[in-house]
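There are 2 protein chains.
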Amino acid sequence: MEEILNSLKRKIGKEITFSFKVNDDSFLWSEDTKLLEYHALSTSALLEEVHRSGYLTLKEELSDGFTSVVFSTSLKHLKPTPYSFNVFIKLKIVNIKKNEVIFEGEAFDENEKIAEFKFSRIIISANYLKRKIHEKASKINGYQ
Amino acid sequence: MEEILNSLKRKIGKEITFSFKVNDDSFLWSEDTKLLEYHALSTSALLEEVHRSGYLTLKEELSDGFTSVVFSTSLKHLKPTPYSFNVFIKLKIVNIKKNEVIFEGEAFDENEKIAEFKFSRIIISANYLKRKIHEKASKINGYQ
Chain W
1 MEEILNSLKR KIGKEITFSF KVNDDSFLWS EDTKLLEYHA LSTSALLEEV HRSGYLTLKE
61 ELSDGFTSVV FSTSLKHLKP TPYSFNVFIK LKIVNIKKNE VIFEGEAFDE NEKIAEFKFS
121 RIIISANYLK RKIHEKASKI NGYQ
Chain U
1 MEEILNSLKR KIGKEITFSF KVNDDSFLWS EDTKLLEYHA LSTSALLEEV HRSGYLTLKE
61 ELSDGFTSVV FSTSLKHLKP TPYSFNVFIK LKIVNIKKNE VIFEGEAFDE NEKIAEFKFS
121 RIIISANYLK RKIHEKASKI NGYQ
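Top to bottom, those sequences are chains W and U. Okay, so the first sequence: first residue is 1 according to UniProt numbering, each after it adds one. Okay, so the second sequence: first residue is 1 according to UniProt numbering, each after it adds one.
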């Protein structure tokens with residue numbers, strides 16, 4: 001873990017860009033089915049892509065046996081983005097506290113800035129996390 | 001709009017509960033396909049349900065011609081929730097600034113508290129929003 005964190009510390013402040021295209025209904029604003037007619041990117045789909053960008057940034061550095069989960073997240077959604085647009089996510093690691101990696105960044109569509117965000121992911125043992133989830137599922141389902 | 005906001009102000013501080021069941025793959029943690037094996041609720045799916053709870057709370061009070069969009073959102077995801085669990089979202093309106101309605105709350109699964117959140121939705125004219133999205137789409141697609 002120590003080695004991973006030291007390697008990540010060298011990435012602090014370096015901007016990384018990811019992109020995706022709003023080309024699937026799962027990206028669309030649909031808290032209510034009638035909202036689908038707006039044909040616009042939803043806040044939660046944007047957040048999923050933002051979180052994924054952080055996941056991929058960390059994955060490069062993680063050895064097998066480790067994964068990362070979102071701990072805290074915040075976003076301001078400034079402008080709507082129509083279907084078929086490309087979206088660019090620019091993010092950087094701004095801090096690392098123990099095993100928590102803090103990211104900040106902005107998202108743009110082909111026309112303008114659409115969001116600002118800050119989130120953190122915690123690096124943990126994949127086996128530990130799997131065990132915890134399994135134990136919790138078993139408790140409720142009465143298997144133990 | 002004035003009437004809507006006055007009516008909403010009477011809801012400030014009143015707790016409202018929503019629930020959903022993690023019973024569909026679209027709820028699952030999947031920033032990477034191999035994460036599906038954890039069979040756990042994703043942060044972005046939880047956020048979508050949190051935002052939807054706010055949408056439905058406002059929808060009750062909105063006359064036709066108005067809708068609401070997420071402006072700012074933040075969440076701390078404290079514990080994992082396995083597939084098949086029920087999740088309960090407890091939220092309340094804590095403030096209203098102009099046409100921005102601010103919500104706060106917590107989410108629980110059948111076992112424990114899993115998240116804390118704060119988000120705001122802006123109430124706007126549905127036609128205005130549709131026009132803005134359409135104009136933006138036309139600009140890039142070269143229809144104007």
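Any given hint could be a false lead.
Straight-line Cα separation of at most 30 Å, DSSO-like style, residue types lysine-lysine; simulated pairs [to be verified]:
id : chain 1 : residue 1 : chain 2 : residue 2
1  : U       : K136      : U       : K9
2  : U       : K21       : W       : K92
3  : U       : K92       : W       : K130
4  : U       : K76       : W       : K14
5  : U       : K136      : W       : K79
6  : W       : K98       : U       : K92
7  : U       : K34       : W       : K90
8  : U       : K34       : W       : K14
9  : W       : K132      : U       : K113
10 : U       : K76       : U       : K21
Derived by calculation from the structure, the hints in this document are not laboratory data.
A quick look at each hint next to the structure:
1. Annotation: proposed proximity of K136 of chain U to K9 of chain U is violated, straight-line Cα distance about 33 Å (limit 30 Å).
2. For the hint linking K21 of chain U to K92 of chain W, the alpha-carbon distance of about 34 Å lies beyond 30 Å, and the restraint is violated.
3. At most 30 Å may separate the alpha-carbon atoms for a hinted pair to count; K92 of chain U and K130 of chain W exceed this at roughly 33 Å.
4. Restraint check for K76 of chain U and K14 of chain W: the C-alpha separation of about 25 Å stays at or below 30 Å, so the hint holds.
5. For a cut-off of 30 Å, the pair hint linking K136 of chain U to K79 of chain W stands: about 10 Å separates their Cα positions.
6. Our distance criterion of 30 Å between C-alpha atoms is broken by K98 of chain W and K92 of chain U, whose separation comes to about 34 Å.
7. About 25 Å separates the Cα atoms of K34 of chain U and K90 of chain W, which keeps this hinted pair within 30 Å; it holds.
8. Between K34 of chain U and K14 of chain W the CA atoms are separated by roughly 27 Å; this keeps the pair inside 30 Å, and the hint holds.
9. Pair hint K132 of chain W plus K113 of chain U holds up; C-alpha atoms about 15 Å apart against a cutoff of 30 Å.
10. A distance of roughly 20 Å separates the Cα atoms of K76 of chain U and K21 of chain U; the hinted pair therefore holds under the 30 Å criterion.
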